[in-house]
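> Residue strings, one per chain:
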Amino acid sequence: MGKINIVFNDMKLEVDEGTTILEAAKNIGVHIPTLCHLDLEGFGIVNQVASCRVCVVEVEGRETLVPSCAEKVYEGMVIHSDSIKAMSGRRMAVELLLSNHPKDCLSCAKNLECELQSLAQELGIRDIYWEGERLKYKKDTSTFSLIKDPNKCVMCRRCETMCNEVQTCNILSAVNRGFESFVGPAFNMDMADSACTFCGQCVAVCPTAALTEMDNTTQVWNELVNPKKHVVVQIAPAVRVAIGEMFGLEPGTVTTGKIVTALRKLGFDGVFDTNFGADLTIIEEATELIHRINHKGTLPMLTSCCPAWVKFFEHQFPDLLDIPSTCKSPQIMFGAIAKTYYAQKKNINPESISVVSIMPCLAKKAEAKRPELTKDEQSNVDIVITTREFGRMMKSAGIDFVNLPDGEFDKMMGESTGASIIFGTTGGVIEAAVRTAYEWLTDKELEDVNFKQLRGMEGIREASVFIGEMELKIGIAHGLGNARKLLEDIQSGKSKFHAIEIMACPGGCIGGGGQPYHHGNMEILRKRQEALYVDDENKVHRKSHENQEIIKLYKEFIGEPYGKKAHELLHTHYVARQKI
Amino acid sequence: MPKPISQKKTYSIDNLPKEKFDLLDEYIGGISDKEGSLIHILHKAQELFTFLPMEVQLHIARKVDIPASKVFGVASFYSYFTSNPVGKHTISVCMGTACFVRGSNKIFDKLKELLEVESGETTKDKLFTLKDVRCVGACGLAPIIMVDDKVYGRVKLEDVEGIVKNYKDGE
Ligand code: SF4
Ligand code: SF4
Ligand code: FES
Ligand code: FES
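Line by line, the protein sequences give chains W and Y. This note's numbering applies: residue -3 is where the first sequence begins, and numbers increase by one. This note's numbering applies: residue 109 is where the second sequence begins, and numbers increase by one.
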């Protein structure tokens, strides 16, 4: 790559050809504020529409200020990011955005997490000189997962990049023109009627509160104070390596023990682990895979733990509904067992059990409301809150999370193996399944449970695992755009895999739409991923079929894996949906 | 200045004539760069159907193989395109700055009251569609209203009823 000489704030620099002014500034530690720009490094995700002009700088010889995020350097370029002209240009851009913004920060869902708010703070804005005309659009609260408030949209188009380019769902597009413009689905339809998967990746990157999660914390508080309710809670694997971030801990700090203690303090009657549900999923999924291999069933088999992925293939590939595993997701399996087995053993009327899930995910909220997953007019899972909502609940209860002592999960549905912990990252579900399938197919003990060839962060990975004589070909995709590629290969008969794992979110659940905001720092995702593998290593049992509580559950209640009762309780079906 | 903003769901209608879809398909079939010609396709469709309801936009999306959200995005960007059925005459009221300060909003309100429609809607008798438009470049004559291609300049509030009546009587 060629080198280019530039002058940046009176410093002579040599930078790579093709560098943007913003990147050049970053390299020498000069900060230029940005808003619309988003670069999820290492994931190949870039939003570069240069629409906000918050990042403008002065370039000698140019009449107007230039957006540093989009403008590439050229030989001899003389740039000033610290001139009065540049600073006031940036300030003006922010003031303009604020002039028609609702500015109800005190009660805004994004208070203290909003990038527009931080900009106003960073640029020292104290007065807003123009009060412009305001939009008066309706909020879209039609879905169980997210809320869209067009009035707070700053037209950065980050959500469009996520939805259209990364997820290839194509739900969101700029509507109207100029002042009246906002981002929304086709035909101004309700989000609930669109082919939205509720992956929440648009929420994960929206700088303001134009897209936020549907908050269900009030419902949880109401259950907790209801004396007639026995409220049990489960936490997903990815939550434990991320929640600490909301309390100042390093990303990737494993806080399982503290979470358990906090949940008891909040008043939950049973504190359990979704990992238990994950181990259960592996028993069913591995059995299903072996069954399909032995009986020449449909292959490849696709994992089905991710509800955004499920909704994606229902809308986009309605002809492939027989390919995914019929296994319910771990959270739903957990709910089903809580309302049956647990209820029986505890002698509690299932009607008075309330199951709360704490998930890194927005799609889990909608999943819990799917009609086929709500048995006997009684949901398997009653309320789903995200990692962020859980963090807010602890904050409002004044819980000093960082200094909490470690607690232990309750018995019966609290035990888990290392295999289930890695469900939280891309590659983890299939690795867990392979660990069990290997031992079951070969009748031999697996010496090294670490299938390193399945790990990583590339969007699409393929690997082979030898099970005795048999070569099991495995495909892994995270991000729905990558999933689409694997599915198109299946459609065209090109696919050579036996099993494919898919997670909708970049990185898997660790990068879920309900996790503490990463604000574009992808290092955070890597640290969360690492932490899951370390937590796995630290477990005595690392194969799902070694989970003692699971063994007991089958013996006492379910019977055969993939058997009749298992089908009733733990398997489901899919629905063909429209692509719009 | 309070201004109603339309965020209404796109007009939807069954039983659109099949021949028109056939003509549209024929047109689309003759284009090599379909995606790049989306605007032309929308023009053609509006010429055929006189408006672009959801069904027509969705049809185009499927034919051209692009997301419906994108077709809608483009159709909603250009004020030339309308997704509502249009009446025999279109009354456009200029809401540009010059017209606005000379009271075009009051004229607009008066028309809404008179015709019993909101912006972008068509009267029950299918005679008039009311629209607000951006500066039409005749600021010297502000405030402006246009009925189809005919421009009425320096319109006074009390003129409005007469203008509408003229077209009604012409029927
Ligand atoms: S939740 Fe996912 S699919 Fe739905 S609009 Fe957002 S990015 Fe698109
Ligand atoms: S909804 Fe959010 S992410 Fe999307 S354009 Fe508006 S402000 Fe940006
Ligand atoms: S951050 Fe560069 S234009 Fe928005
Ligand atoms: S403002 Fe009405 S014609 Fe220019």
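Please note that the accuracy of each hint is not assured.
[What the hints assert, rightly or not] Listed next, the stretches of chain W that the computed footprint assigns to chain Y, with coverage defined by at least 3 CB atoms under 8 Å from CB atoms of chain Y: (1) 161 to 172; (2) 535 to 548.
[Stated by the list, open to error] Listed below are the simulated DSSO-like cross-link pairs for lysine-lysine, each with C-alpha atoms no more than 30 Å apart in a straight line: (3) W:Lys391 with W:Lys99; (4) W:Lys132 with Y:Lys214; (5) Y:Lys258 with W:Lys134; (6) Y:Lys116 with W:Lys135; (7) Y:Lys152 with Y:Lys258; (8) W:Lys132 with Y:Lys152; (9) W:Lys134 with Y:Lys126; (10) Y:Lys196 with W:Lys365; (11) Y:Lys117 with Y:Lys234; (12) W:Lys132 with Y:Lys128; (13) W:Lys575 with Y:Lys126; (14) W:Lys342 with W:Lys407; (15) W:Lys134 with Y:Lys232; (16) W:Lys560 with W:Lys548; (17) W:Lys292 with W:Lys481; (18) W:Lys134 with Y:Lys117; (19) Y:Lys178 with W:Lys132; (20) Y:Lys214 with Y:Lys178; (21) W:Lys68 with Y:Lys171; (22) W:Lys224 with W:Lys135; (23) W:Lys134 with Y:Lys142; (24) Y:Lys142 with W:Lys490; (25) W:Lys365 with Y:Lys239; (26) Y:Lys232 with W:Lys575; (27) Y:Lys126 with W:Lys132; (28) W:Lys575 with Y:Lys117; (29) W:Lys135 with Y:Lys214; (30) Y:Lys152 with W:Lys575; (31) W:Lys135 with Y:Lys142; (32) W:Lys134 with Y:Lys239; (33) W:Lys134 with Y:Lys218; (34) W:Lys448 with W:Lys391; (35) W:Lys135 with Y:Lys178; (36) Y:Lys218 with Y:Lys178.
The hints are simulated quantities; they were obtained by calculation from the structure and are not laboratory data. Using N, Cα and C, we set each Cβ at its ideal position, and we do this for glycine too.
> Please go over all the hints and tell whether each is borne out by the structure.
Hints versus structure:
1. With 7 residues having a beta carbon nearer than 8 Å to a beta carbon of chain Y, the stretch 161 to 172 of chain W meets the requirement of three or more and the stated coverage holds.
2. Counting residues of the stretch 535 to 548 of chain W whose C-beta lies closer than 8 Å to any C-beta of chain Y gives 0; at least three are required, and the coverage claim is violated.
3. Restraint check for Lys391 of chain W and Lys99 of chain W: satisfied, since their Cα atoms lie roughly 23 Å apart, inside the 30 Å limit.
4. Our distance criterion of 30 Å between C-alpha atoms is met by Lys132 of chain W and Lys214 of chain Y, whose separation comes to about 20 Å.
5. Straight-line distance between C-alpha atoms of Lys258 of chain Y and Lys134 of chain W comes to about 36 Å, which puts the hinted pair past the 30 Å bound.
6. Under the criterion of a C-alpha separation no larger than 30 Å, the hint pairing Lys116 of chain Y with Lys135 of chain W is consistent with the structure, at around 13 Å.
7. Proximity of Lys152 of chain Y to Lys258 of chain Y is assessed by CA-CA distance (about 24 Å); at most 30 Å being required, the pair is judged to hold.
8. At most 30 Å may separate the alpha-carbon atoms for a hinted pair to count; Lys132 of chain W and Lys152 of chain Y exceed this at roughly 33 Å.
9. Using a Cα cut-off of 30 Å, the hinted pair Lys134 of chain W and Lys126 of chain Y is violated, with the two alpha carbons roughly 35 Å apart.
10. Between Lys196 of chain Y and Lys365 of chain W, the direct Cα distance comes to roughly 47 Å. Violation of the 30 Å bound is thereby established for this hinted pair.
11. Between the alpha carbons of Lys117 of chain Y and Lys234 of chain Y the distance comes to roughly 20 Å, so the proposed pair stays at or under 30 Å and holds.
12. For the proposed pair Lys132 of chain W and Lys128 of chain Y, the alpha carbon gap of about 37 Å is over 30 Å, so the pair is violated.
13. Restraint check for Lys575 of chain W and Lys126 of chain Y: satisfied, since their Cα atoms lie roughly 22 Å apart, inside the 30 Å limit.
14. With a C-alpha separation of about 11 Å, the suggested pair Lys342 of chain W and Lys407 of chain W falls inside the 30 Å cut-off, and the hint holds.
15. Distance restraint check for Lys134 of chain W and Lys232 of chain Y: the Cα-Cα separation of roughly 27 Å lies within the 30 Å cut-off, and the hinted pair is therefore satisfied.
16. Simply put, Lys560 of chain W and Lys548 of chain W have alpha-carbon atoms about 17 Å apart, close enough for the 30 Å limit, and the pair holds.
17. Distance restraint check for Lys292 of chain W and Lys481 of chain W: the Cα-Cα separation of roughly 24 Å lies within the 30 Å cut-off, and the hinted pair is therefore satisfied.
18. Of the pairs offered as hints, the one joining Lys134 of chain W and Lys117 of chain Y holds, with about 12 Å between alpha carbons and a cut-off of 30 Å not exceeded.
19. In summary, the hint linking Lys178 of chain Y to Lys132 of chain W is supported, as the alpha carbons are separated by about 23 Å, within the 30 Å threshold.
20. For the hint pairing Lys214 of chain Y with Lys178 of chain Y, the CA-to-CA distance comes to about 35 Å; that exceeds 30 Å, so the pair is violated.
21. Taken as a hint, the Lys68 of chain W and Lys171 of chain Y pair is broken in the structure, with Cα atoms around 38 Å apart against an allowance of 30 Å.
22. For the proposed pair Lys224 of chain W and Lys135 of chain W, the alpha carbon gap of about 34 Å is over 30 Å, so the pair is violated.
23. Note on Lys134 of chain W and Lys142 of chain Y: the hinted pairing is violated, with a Cα-Cα distance of about 34 Å set against a maximum of 30 Å.
24. Proximity of Lys142 of chain Y to Lys490 of chain W is assessed by CA-CA distance (about 28 Å); at most 30 Å being required, the pair is judged to hold.
25. Restraint check for Lys365 of chain W and Lys239 of chain Y: not satisfied, since their Cα atoms lie roughly 42 Å apart, outside the 30 Å limit.
26. Our distance criterion of 30 Å between C-alpha atoms is broken by Lys232 of chain Y and Lys575 of chain W, whose separation comes to about 34 Å.
27. Simply put, Lys126 of chain Y and Lys132 of chain W have alpha-carbon atoms about 38 Å apart, too far for the 30 Å limit, and the pair is violated.
28. Between Lys575 of chain W and Lys117 of chain Y, the direct Cα distance comes to roughly 18 Å. Compliance with the 30 Å bound is thereby established for this hinted pair.
29. For a cut-off of 30 Å, the pair hint linking Lys135 of chain W to Lys214 of chain Y stands: about 29 Å separates their Cα positions.
30. Between Lys152 of chain Y and Lys575 of chain W the alpha-carbon distance is near 25 Å, which keeps this suggested pair within the 30 Å criterion.
31. Restraint check: the Cα-Cα separation between Lys135 of chain W and Lys142 of chain Y comes to about 35 Å, which exceeds 30 Å; the hinted pair is violated.
32. Straight-line distance between C-alpha atoms of Lys134 of chain W and Lys239 of chain Y comes to about 22 Å, which keeps the hinted pair within the 30 Å bound.
33. Simply put, Lys134 of chain W and Lys218 of chain Y have alpha-carbon atoms about 26 Å apart, close enough for the 30 Å limit, and the pair holds.
34. Annotation: proposed proximity of Lys448 of chain W to Lys391 of chain W is violated, straight-line Cα distance about 38 Å (limit 30 Å).
35. Distance hint between Lys135 of chain W and Lys178 of chain Y is fulfilled; the C-alpha atoms sit about 21 Å from each other, no more than 30 Å.
36. For the hint pairing Lys218 of chain Y with Lys178 of chain Y, the CA-to-CA distance comes to about 35 Å; that exceeds 30 Å, so the pair is violated.
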